[in-house]
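A.B. asks: All chains, full assembly: derive it from the sequences and hints.
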Amino acid sequence: MDSMFEKIYRMTAIDNLVYDPSYIIMILLAFFLLYLGIKKQYEPLLLIPISFGVLIANFPGGEMGVLAVNGVGEIFRISNEALGNGLGDGFQTVNLVGGVEQMSEGLVQVGKLFYDPMEKGNEILQNAALTSQIKIYEIWSMPLHDIAHEFGIMNYIYYALIKSGLLPPIIFMGVGALTDFGPMLRNLKLAIFGAGAQFGIFAVLLVASQFFTMQEAGSLAIIGGADGPTAIFTTLKLAPHMLGPIAIAAYSYMALVPVIVPLVVRLTCTEKELKINMKQQDKLYPSKQEFKNMGTLKIIFPIAVTVIVAIIVPDAISLVGMLMFGNLIKEIGNNTSRLFSVASNGIMNAATIFLGLSVGATMTVDAFLNWNTIGIVAGGFCAFGFSIFGGILLVKIMNLFSKKQINPLVGATGLSAVPMASRVANDIALKYDSRNHVLNYCMSSNVAGVIGSAVAAGILIKFLG
Amino acid sequence: MQFNFDNFIDALTLMGVGIATVFAVLLLIIFLGNLLVSFINKYMPEEEPKQSAAGVPASSAVDPNVVMAINLAIGKLTGGKSKAEKIEKI
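Chains A and B are the protein sequences, given in the same order. Taking numbering that gives the first Met the number 0, I'd label the letters of the first sequence as residues 0 to 464. Taking numbering that gives the first Met the number 0, I'd label the letters of the second sequence as residues 0 to 89.
In case anyone wonders, no lab produced these hints; they're calculated from the structure. Keep in mind it's a predicted model, so treat the numbers as computed, not measured. Even for Gly, the Cβ is constructed at its ideal location relative to N, Cα and C. Hints are not guaranteed to be accurate.
To be verified - Restraint-style ranges between C-beta atoms, simulated for each label pair:
#	chain 1	residue 1	chain 2	residue 2	range
1	A	A12	B	F30	34 to 40 angstroms
2	B	A19	A	Y284	25 to 31 angstroms
3	A	V71	B	A19	32 to 38 angstroms
4	A	D179	B	P44	19 to 25 angstroms
5	B	L11	A	G345	41 to 47 angstroms
6	B	F30	A	G345	33 to 39 angstroms
7	A	I37	B	L11	27 to 33 angstroms
8	B	M43	A	L429	55 to 61 angstroms
C.D. replies: Here it is, written out as structure tokens:
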């Protein structure tokens, strides 16, 4: 009878939770994120799948967590016997991700075993008498069906859709289908602030290069692009083992745009600047530009941008190309309306669900509860803040040399996060002057910011990948 | 924590290259956008939107199906004696 009860007890996650209570921290974190998504309504469409992914990933034995791998894509499973944890038969997956620093010092201790991380497919262990106690998987070169069989369905989804790099461009297609380049084309000059607001990426890269490897620093810095899919895409190419915390940081800060943008604006802008009325400025210094055929312009524009970006930064084309494709099928209208509707609805929503769940599932104890995560959260915040500041600074510099004044809020929205950043900026402007609607002007730099951050990502991938 | 000079130089170079490239791409897009605007204005201007023949937009007229439904209802209530002459939104 006793052994029956023991079996039932082993079946539950309780003994594992007791053995390693750090899982409970992650479960509580999932509850907190769910609260933010459901009650506070911070980006619920993204935060809820992500936080639910975190929740289901962190029950030991459930196999719904995306396994943390070391720098060469290896996963280690060591028998409970060798680990001496008293959890009965079976194997535990062992975390080696935190061992980056130990790499230069030689052997790393794993339970009672030693492992030399410099040697891939470690010979010492494979030939040792302990072979039966340890299993080494090279997950990056495993066939997908083996991954599904061995590590569960969530790892399959992750490797098939995320690690392969499929979902970020697909989501960009949906974003393109939902983007209107009209405001940008009407205020083309303001698009330049989409470049100014990429400053944070490179500023944080400079600092982070002292604490992380260059690849990790690049992945961290791209959070300053304020674009979830771009951050995921870049991290996958540069430092896939950091994907979980980086994606969470990127999406959390995007959800916190209504807090961060006003904060940076308050610290850097004067009331007089924030009261600059763009419409009045347009009347005082009217643009000579007129638009005789906006429809045709909107169709040719995405094609032209694709060609330019493809020529200058080919590495950015998987993102920018898909963005422009999505936009093109929207602008063509009736003839492609069926493609547009599926790209902006069905595909986009399905992609968001899988992306959210599996990114959430990368937030396991192994991948999340270490010092890197704190560095990512802090560095990501700085990148975000500096990006907003970069845009504002560029406006201030341009205002020095031009009669036509620009509201610094237009610079602040140069960091992607479409359209929330623009809405937030508009609210700030209205607070200072209830007739000052800056939304359309902000949308120009905001949309340009999406292109800007994708280009910056392409550069990072090219130079560091 | 030792200062990693190599990484710093790499990051600094990347900063220069990165910011310059982002600006270059967006400047090119702005330039190209302006070029496209003037090209399209010159060679493919849109025709003036035509006024609808009656001078009144079609959407403000009452839908014939609605007229029929109202007439049917009135007919049923009055035993086919009355008919709606004028339908107005109040």
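A.B. asks: Hint by hint, say whether it matches the structure.
C.D. replies: Okay, the hints, checked on the actual structure:
| no. | hint | in the structure |
| --- | --- | --- |
| 1 | A/A12 with B/F30: 34 to 40 angstroms | violated (60 angstroms) |
| 2 | B/A19 with A/Y284: 25 to 31 angstroms | holds (29 angstroms) |
| 3 | A/V71 with B/A19: 32 to 38 angstroms | holds (34 angstroms) |
| 4 | A/D179 with B/P44: 19 to 25 angstroms | holds (22 angstroms) |
| 5 | B/L11 with A/G345: 41 to 47 angstroms | holds (45 angstroms) |
| 6 | B/F30 with A/G345: 33 to 39 angstroms | holds (37 angstroms) |
| 7 | A/I37 with B/L11: 27 to 33 angstroms | violated (44 angstroms) |
| 8 | B/M43 with A/L429: 55 to 61 angstroms | violated (38 angstroms) |
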